[in-house]
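Novice: Spelled out from the first residue to the last, the chains are:
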Amino acid sequence: EAGVAQSPRYKIIEKRQSVAFWCNPISGHATLYWYQQILGQGPKLLIQFQNNGVVDDSQLPKDRFSAERLKGVDSTLKIQPAKLEDSAVYLCASSLVVTGGAGELFFGEGSRLTVL
Amino acid sequence: DAKTTQPPSMDCAEGRAANLPCNHSTISGNEYVYWYRQIHSQGPQYIIHGLKNNETNEMASLIITEDRKSSTLILPHATLRDTAVYYCIVRATNTGNQFYFGTGTSLTVIP
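Chains A and B are the protein sequences, given in the same order. Be aware that the first sequence starts at 179, since it is given in the numbering used here, and climbs by one per residue. Be aware that the second sequence starts at 1138, since it is given in the numbering used here, and climbs by one per residue.
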């Protein structure tokens, strides 16, 4: 079974530039998450999708971050304009929707962003 | 926000059992306890989860206290490859529930 795919693995940009990260979840997984992980910290949830609808984006800095999941499969996370503090690993995860039960998250390897 | 408390770091001798504690004193009746680990430069990896009963799989055992306010992840025979950050997470089962990660426990397995 193919895992969660993310690209690019690494990206270096200047502050105020824009960047986009792509995620392809595991086939059949309706729920998709984007997390931000700053060095030395645990992953922080940015946004959660179920199919192509947003379930939770309360921690997404909407003035500069945007995310979409057209057709309920692939997702793109964009940062525009980037700030120095956006330097982090951006993790994508997916899970099955398990009504009343416990669905585990499957993570990709992440996209490491360095903002100079 | 994370609802769990874990020690920031622990050491364990190779071949011995690693016991990683987690406090979740405000856990609700419908919340599961999950454990994930993150090896350097990789995404977090699922280990195990449980609701009330103790659970065991090929990777680890999860012991949940009767009052469910704390739990322990047990790696029965730690190897060098178990060196990682271990996250304990509580998560409700209702629609829209999220996984909130804390800062985890950095486990170092010593040869």
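Be aware that a few hints might be false.
[To be verified] Partial chain A-side listing against chain B, Cβ under 7 Å, derived:
{"hint": "1", "residue": "D234"}
{"hint": "2", "residue": "Q237"}
{"hint": "3", "residue": "P239"}
{"hint": "4", "residue": "D241"}
{"hint": "5", "residue": "L269"}
{"hint": "6", "residue": "L283"}
{"hint": "7", "residue": "F285"}
{"hint": "8", "residue": "E287"}
{"hint": "9", "residue": "L294"}
[Unchecked claim] Some chain A residues judged to face chain B by a derived CB distance under 8 Å, without partners named:
{"hint": "10", "residue": "P186"}
{"hint": "11", "residue": "G220"}
{"hint": "12", "residue": "L223"}
{"hint": "13", "residue": "N229"}
{"hint": "14", "residue": "N230"}
{"hint": "15", "residue": "G231"}
{"hint": "16", "residue": "P259"}
{"hint": "17", "residue": "E282"}
[Stated by the list, open to error] Chain B regions said to be covered by chain A (calculated; three or more residues, Cβ under 8 Å):
{"hint": "18", "stretch": "1146-1154"}
{"hint": "19", "stretch": "1191-1200"}
{"hint": "20", "stretch": "1212-1219"}
FYI, nobody ran anything at the bench for these hints, they're computed from the structure. Beta carbons: idealized from backbone N, C-alpha and C, even for Gly.
Novice: Compare the structure with each hint and give your call.
Specialist: Cross-check of the supplied hints:
no., hint, verdict
1, D234, "6 Å, holds"
2, Q237, "9 Å, violated"
3, P239, "17 Å, violated"
4, D241, "22 Å, violated"
5, L269, "5 Å, holds"
6, L283, "6 Å, holds"
7, F285, "3 Å, holds"
8, E287, "5 Å, holds"
9, L294, "20 Å, violated"
10, P186, "15 Å, violated"
11, G220, "4 Å, holds"
12, L223, "5 Å, holds"
13, N229, "12 Å, violated"
14, N230, "15 Å, violated"
15, G231, "10 Å, violated"
16, P259, "27 Å, violated"
17, E282, "4 Å, holds"
18, 1146-1154, "violated (count 0)"
19, 1191-1200, "violated (count 0)"
20, 1212-1219, "violated (count 0)"
Checked against the numbered hints above, the structure violates hints 2, 3, 4, 9, 10, 13, 14, 15, 16, 18, 19 and 20; every other hint is satisfied.
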